[in-house]
Amino acid sequence: MASTEIMTVNMGPQHPSTHGVLRMVVELDGEIIQKITPHIGYLHRGVEKLSEHRTYHQAIPLTDRLDYLAPMSNNLGYVLAVEKLLGIEVPERAQTIRVILAELTRLKSHLVWIACHALDIGAMTVFIYAFRERELVMSLYEKISGARMTSNYFRVGGLSSDVYDGFEKDVREIIDTFPGHFDTYEGLLTKNTIWLNRTVGNGVISAEDAIDYGITGPALRGSGVDWDLRRDNPYSGYEKYQFKVPVGEKCDTFDRYKVRLVEMREAVNIIRQALDSLKPGPVLADAPQVTYPPKEKVYDTIEGLIHHFKIASEGFPAPEGEVYQSVEAPKGELGYYIVSDGGTKPYRMRIRPPSFVNLGAIEKMAKGSMLADLVAVIGTLDIVLGEIDR
Amino acid sequence: MGYEILGLPMAYYIAMVLKVLVVFVFVLLTVAYATYAERKIIGHMQVRLGPMRTGWHGLLQPIADGVKLFFKEEIIPSQADKFAFLIAPLIALVPAFIGFAVIPFGETIEVGGYKIPLQIAAYYDTAAGKVVDVNVGVLYILALASVGVYGIVLAGWASNSKYSLLGGLRSSAQMISYELAAGLAIVSVFMLSESLSLQKIVADQANGAWYAFKQPVAFILFFICSLAEINRTPFDLPEAETELVSGFCTEYSSMKYAMFFMAEYANMVTVCAVTTTLFLGGWHGPGFLPGWVWFIAKVYFLIFTCMWIRATYPRYRYDQLMRLGWKVFLPLTLLNIVATGLFASF
Numbered sequence: 001m002a003s004t005e006i007m008t009v010n011m012g013p014q015h016p017s018t019h020g021v022l023r024m025v026v027e028l029d030g031e032i033i034q035k036i037t038p039h040i041g042y043l044h045r046g047v048e049k050l051s052e053h054r055t056y057h058q059a060i061p062l063t064d065r066l067d068y069l070a071p072m073s074n075n076l077g078y079v080l081a082v083e084k085l086l087g088i089e090v091p092e093r094a095q096t097i098r099v100i101l102a103e104l105t106r107l108k109s110h111l112v113w114i115a116c117h118a119l120d121i122g123a124m125t126v127f128i129y130a131f132r133e134r135e136l137v138m139s140l141y142e143k144i145s146g147a148r149m150t151s152n153y154f155r156v157g158g159l160s161s162d163v164y165d166g167f168e169k170d171v172r173e174i175i176d177t178f179p180g181h182f183d184t185y186e187g188l189l190t191k192n193t194i195w196l197n198r199t200v201g202n203g204v205i206s207a208e209d210a211i212d213y214g215i216t217g218p219a220l221r222g223s224g225v226d227w228d229l230r231r232d233n234p235y236s237g238y239e240k241y242q243f244k245v246p247v248g249e250k251c252d253t254f255d256r257y258k259v260r261l262v263e264m265r266e267a268v269n270i271i272r273q274a275l276d277s278l279k280p281g282p283v284l285a286d287a288p289q290v291t292y293p294p295k296e297k298v299y300d301t302i303e304g305l306i307h308h309f310k311i312a313s314e315g316f317p318a319p320e321g322e323v324y325q326s327v328e329a330p331k332g333e334l335g336y337y338i339v340s341d342g343g344t345k346p347y348r349m350r351i352r353p354p355s356f357v358n359l360g361a362i363e364k365m366a367k368g369s370m371l372a373d374l375v376a377v378i379g380t381l382d383i384v385l386g387e388i389d390r
Numbered sequence: 001m002g003y004e005i006l007g008l009p010m011a012y013y014i015a016m017v018l019k020v021l022v023v024f025v026f027v028l029l030t031v032a033y034a035t036y037a038e039r040k041i042i043g044h045m046q047v048r049l050g051p052m053r054t055g056w057h058g059l060l061q062p063i064a065d066g067v068k069l070f071f072k073e074e075i076i077p078s079q080a081d082k083f084a085f086l087i088a089p090l091i092a093l094v095p096a097f098i099g100f101a102v103i104p105f106g107e108t109i110e111v112g113g114y115k116i117p118l119q120i121a122a123y124y125d126t127a128a129g130k131v132v133d134v135n136v137g138v139l140y141i142l143a144l145a146s147v148g149v150y151g152i153v154l155a156g157w158a159s160n161s162k163y164s165l166l167g168g169l170r171s172s173a174q175m176i177s178y179e180l181a182a183g184l185a186i187v188s189v190f191m192l193s194e195s196l197s198l199q200k201i202v203a204d205q206a207n208g209a210w211y212a213f214k215q216p217v218a219f220i221l222f223f224i225c226s227l228a229e230i231n232r233t234p235f236d237l238p239e240a241e242t243e244l245v246s247g248f249c250t251e252y253s254s255m256k257y258a259m260f261f262m263a264e265y266a267n268m269v270t271v272c273a274v275t276t277t278l279f280l281g282g283w284h285g286p287g288f289l290p291g292w293v294w295f296i297a298k299v300y301f302l303i304f305t306c307m308w309i310r311a312t313y314p315r316y317r318y319d320q321l322m323r324l325g326w327k328v329f330l331p332l333t334l335l336n337i338v339a340t341g342l343f344a345s346f
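From first to last, the protein sequence lines are chains A and B. FYI, the numbering for the first sequence is 1 to 390, going by our numbering. FYI, the numbering for the second sequence is 1 to 346, going by our numbering.
Chain A extracted, bound-state conformation:
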């Protein structure tokens, strides 16, 4: 018999389908995967350490750059954590706008997921279609916050400013087109034999294993675990909205695909409900020691200017203690753990990124399958390296 040898292939950090700068050392027997060793850290920017030297407000822009496909969800988790630490109540209008934007962010992130996942498996057209729709959300981001990706729009205590006139109309126009677009993607993929061949039975991870690995988000629900923080541990007023939490049965890539598609349709539902319940009102908590004063006061009065200067340069002291707040980000549970020593900067901030934890299961999911399946597994895990490396 001919002797065989295990071939070690270095996939990444520059590889078309590792979604950024993930590097994996893959040991192959022919095309069968024997072992995967992910190497991370190529995008490390030290967000956690940097935030120890920033005031609580100054750390918000750093969170934009974690999961750069879902900046508003990152902002939301962070400001909620700081608000929990301070014990601030956020006005209802701000909460509702946060929910609308967080769900739009979910759509935006899932659109990139379906685009890249389909492209990895070879379906090019879905990629372009999904990016076209993502552009709608990006333009809305730009109108609200001035930036297409790094929005930096939420503030501790509310929002940086109220939304512009006509925001509701714009959002409605965008989300009204979405169900049709989802049908288009499904038309191209859901019943496509090749798509089914590639995704059904691929990357199977049982519910027990998924929980053991700490997988969260759509990947967990795809394995049949009915767990969604928006419903089971509501924040920012999510308890007011009616929405389905989809779960899969077969724990494979196709089920995760279906789960995410239903989630996108549900996100549209939640946005509709939130828009219906949106009432005029303040968008910043009544907590002058924490929030920035309104711009008119800053420009017109010396007291306002001093107030602004103090908050901007010195920040605000937070009570001593520690707090953990997590949100259901598009990719899973995004948690912020903040330790305060009573100063104006966090003593320690630890971020629990969903992608990092989900990536841990990659070997479990792809071992024994083929190299082409590994690409599908990376796509279905929906990882973002900005979040993994922080």
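Read the hints as simulated data drawn from the structure, not as lab findings. Any given hint might turn out to be false.
[Stated by the list, open to error] Some chain A residues near chain B, calculated using beta-carbon distances under 8 Å:
hint	residue
1	Glu-5
2	Met-7
3	Thr-125
4	Arg-198
Please read all numbers here as calculations on a predicted model, not as lab measurements. Cβ coordinates follow ideal geometry from the N, Cα and C atoms, glycine included.
The hints should help you fit chain B onto chain A, whose structure is shown.
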């Protein structure tokens, strides 16, 4: 004009050289503009514009691409097997072009008293009063398709790169799986035409119905297998970008890369021409247009179909593709042969 070589008039040789030139230039231009057409067609299917900057609506883009590739630096990896590395693009490119030699692309035309059939490897036998061409034309094309694979396999092996090697491996597995099914799919056509000569096959279809209608199963199977043989989506595994970076041509640069690229598109043109000849009545069509126009129209329609498929379908996995070839296509073609045999004998 009175000269004769090997018993054939001089004009025959002149016509031959002219035909070679015309066909070569035509295929070359088609290849260049197939890349442009692909970018434009898929672009418009994907709600974008495709190339727009170089010339009117990007019409000069293939030329710009060619010039760019021509002036790129040649890189030969230090660990590569130099001879095989250099010869591989040639092995891929040459068979892709010479397949056209046996394909009839139009009716016999008359120039200065000589009848010239529009097929490179053919002449008009005045004594017999008919066109004589290579009597094993289809076999020749199948053989060339197999030779072309060596280019890809050698490229994958000689590059001494793991991704290239995997690409080369996939390619050889793919070829073996699909060549057989493609060959068997055509057998049913031979059974109807009782000849391997492409002239005869085309003539038969002009008298009766197109073989695409008489042999729909063979037609569809042959076209799908051909897609697999020329590495087009959904069977573009040897160069699956998202898995193998660029597959067998990862290490290639400059003109050597361009040669693989040209080979791929030339193969597509050849396969579409063969499909047209075998199944779509060749150059025959309603008489208001000359035969070669019909031929080109049919070939371009098939090329368009290839691009359309690329815009629509994801990619198969290597083992699924093998399973499809061996367990689905091969039995189907065999059944088709049996059915054709039963049908033809009664």
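inquiry  = Is the interface hint satisfied for A:Arg-198? The criterion is a beta-carbon contact with chain B at less than 8 Å.
reply    = holds (6 Å)
request  = Would you check whether A:Met-7 satisfies its interface hint, that is, whether its CB is within less than 8 Å of any CB in chain B?
outcome  = holds (6 Å)
ask   = With a cut-off of 8 Å, does the beta carbon of A:Glu-5 approach a beta carbon of chain B closely enough for the hint to hold?
value = For A:Glu-5, the interface hint is violated, since the closest Cβ of chain B sits about 12 Å away, which is over 8 Å.
request  = Against chain B, run the beta carbon of A:Thr-125 and see if the smallest gap drops under 8 Å.
outcome  = holds (5 Å)
Going down the numbered hints, you'll see the structure goes against just number 1.
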